[in-house]
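Fit chain B to the known structure of chain H by using the hints.
Protein chains: 2
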Amino acid sequence: MEESIKEYLEERKSVIDNYLNIALEKIREDSPLYAAINYSLMAGGKRLRPIMLIATYESNFEDYEVVLPFAASVEMIHTYSLIHDDLPILDNSDYRRGKPTCHKIYGSDMALLAGDALISLAFEIISSRKLLEHFEAKFLLRIVHDFAELSGAKGLVGGQVMDMVTMDMDEIDENLILYIEKRKTASLFILSVRVGAILSGVSEDELANLTKFAENFGISYQIQDDILDETSTVEELGKDVHQDRKNKKATFVSLYGLDRSKVLAKEYIEKANSYLIAYSGKYKLLENIAKFTLERIK
Amino acid sequence: MEESIKEYLEERKSVIDNYLNIALEKIREDSPLYAAINYSLMAGGKRLRPIMLIATYESNFEDYEVVLPFAASVEMIHTYSLIHDDLPILDNSDYRRGKPTCHKIYGSDMALLAGDALISLAFEIISSRKLLEHFEAKFLLRIVHDFAELSGAKGLVGGQVMDMVTMDMDEIDENLILYIEKRKTASLFILSVRVGAILSGVSEDELANLTKFAENFGISYQIQDDILDETSTVEELGKDVHQDRKNKKATFVSLYGLDRSKVLAKEYIEKANSYLIAYSGKYKLLENIAKFTLERIK
Chain H
1 MEESIKEYLE ERKSVIDNYL NIALEKIRED SPLYAAINYS LMAGGKRLRP
51 IMLIATYESN FEDYEVVLPF AASVEMIHTY SLIHDDLPIL DNSDYRRGKP
101 TCHKIYGSDM ALLAGDALIS LAFEIISSRK LLEHFEAKFL LRIVHDFAEL
151 SGAKGLVGGQ VMDMVTMDMD EIDENLILYI EKRKTASLFI LSVRVGAILS
201 GVSEDELANL TKFAENFGIS YQIQDDILDE TSTVEELGKD VHQDRKNKKA
251 TFVSLYGLDR SKVLAKEYIE KANSYLIAYS GKYKLLENIA KFTLERIK
Chain B
1 MEESIKEYLE ERKSVIDNYL NIALEKIRED SPLYAAINYS LMAGGKRLRP
51 IMLIATYESN FEDYEVVLPF AASVEMIHTY SLIHDDLPIL DNSDYRRGKP
101 TCHKIYGSDM ALLAGDALIS LAFEIISSRK LLEHFEAKFL LRIVHDFAEL
151 SGAKGLVGGQ VMDMVTMDMD EIDENLILYI EKRKTASLFI LSVRVGAILS
201 GVSEDELANL TKFAENFGIS YQIQDDILDE TSTVEELGKD VHQDRKNKKA
251 TFVSLYGLDR SKVLAKEYIE KANSYLIAYS GKYKLLENIA KFTLERIK
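These protein sequence lines map, in sequence, to chains H and B. Just so we're aligned, residue 1 is where the first sequence starts under the UniProt record's numbering, counting upward by one. Just so we're aligned, residue 1 is where the second sequence starts under the UniProt record's numbering, counting upward by one.
In isolation and in its complexed conformation, chain H is listed as follows (with noise of 0.2 Å):
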């Protein structure tokens, strides 16, 4: 399994690096935003909410190119959250990727743009009126609302605003972590394996199912990602590491150790794919990669 699934991960992450190129072929005319937008979202990410919002659509139908759109959207929406948090008025980080950080090129002035830019991008994209020639306009409606729910104050923008009021503060339990990580982490997730599954017009309690599955996969997720900035390197990771420990922020690892914290990201994967069962491996890929993805944890 693992060959084929590294496989499957390098050629969805090249499908999606193309589109996303052809993507921003829009705003090439308005150059130096163009520039800036160019290098943070071509700086090599793993590509993997939009590669499981394919897997999720791949799972009902065959032809994924259908929804690359929606794909390259969610990764806008990921590269704008990474270079707002990364501005020095926030998590002032100086490097994501393995590159320095956008505003350390192009200045904050230049990032803040590109992120806003960003965002309004993505929304363009999942409101063409081509995409009316797949997919019905309550459909895509319903895309759009879930793209904004889980993008702002209730999902992505609200776990961040609780990530930074709760540093230096001394009273911190499980639920509050876990109100921030579901929010700051799982919501791209949960858009992801979401938009995956409503374009495939799966039932609502399949939707609901889907959303629980990506909500504890993106929660493990965060928890490896909380295990790996205290234990890796610079080198290792490619983005500042210790980042959790010098902003004093609330996670697992802070509050149990590393490894409580390893088993905590076990328990939520398994849970995760509890949520899969009644399907009988119509969402195997989904699993495969969530396995692969947090076989990082040792």
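If you are wondering where the hints come from, they were derived from the structure by calculation, not from laboratory data. Treat the hints with care, as some may be off.
As the list claims (entries may be wrong) - Cut-off 30 Å, straight-line C-alpha distance, at most; resulting in silico cross-link-like pairs (BS3-like, lysine-lysine):
no.	chain 1	residue 1	chain 2	residue 2
1	H	K182	H	K130
2	B	K13	B	K262
3	B	K212	B	K284
4	B	K130	H	K182
5	B	K138	H	K26
6	H	K104	B	K104
7	B	K46	B	K282
8	H	K212	B	K26
9	H	K26	B	K212
10	B	K104	H	K248
11	B	K138	H	K138
12	H	K6	H	K271
Relative to the frame of chain H, chain B by itself:
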């Protein structure tokens, strides 16, 4: 006319303010974000953009309550752009609408995230399933697309970027200034009028003429803003003045001086009105709002 248009503006402003208050309830539970968003969104803006959206719709239909979600969303996009523009990493403004700017009260980190959350909230509101009771999904999808396009790299953010990169530039010409003012300022007037028109189901021809009206009104409005920046005090304007000169911004005032700029502002509003002639007074309300708004230029 003047008295009645003034009353009209006050009445609609109060309806919009009420609606915005209710819309913010959606995120009240995320309290740190709510406070910063509420502070900036309810800081006493004139609500000119949402009023123009409503006025466009009202020129076609009586019951304008159904377009309030869209009007509120335009104001959210406007407010997000003000919060981000005012940040120390961009314009570094201390006052806005007569009060300290968002980051002066809540910090740059919170202001950044409050702006980000407002973008998502705007898209969340305009893609709400409840809107399908009044409008077709394909109209709503088109409106999402207009919001995305006009707020992004080809609109609002594109203008802001060019505004920034042309500071200190020696060779500024009218085309460059027009490029900036069309995007930075006219974009949201265009969006407002277009959304009001699309929801009214007008013909593509009428939509195109209304778009040109809004574009030329927006340019005139921005010239007025540049004139007032040069000729007003902080007390009169409620925000920092002489910012353009301080930041060496490319404006009509810096290129042509005050007198010629006043003439140009009037020429643009006349040009704007010319696009409404074919509709024999149907859009008199828009014309009157434009006239009243621009009378601050003496």
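Hints violated by the structure (numbers, ascending): When the structure is compared with the hints, only number 1 turns out to be violated.
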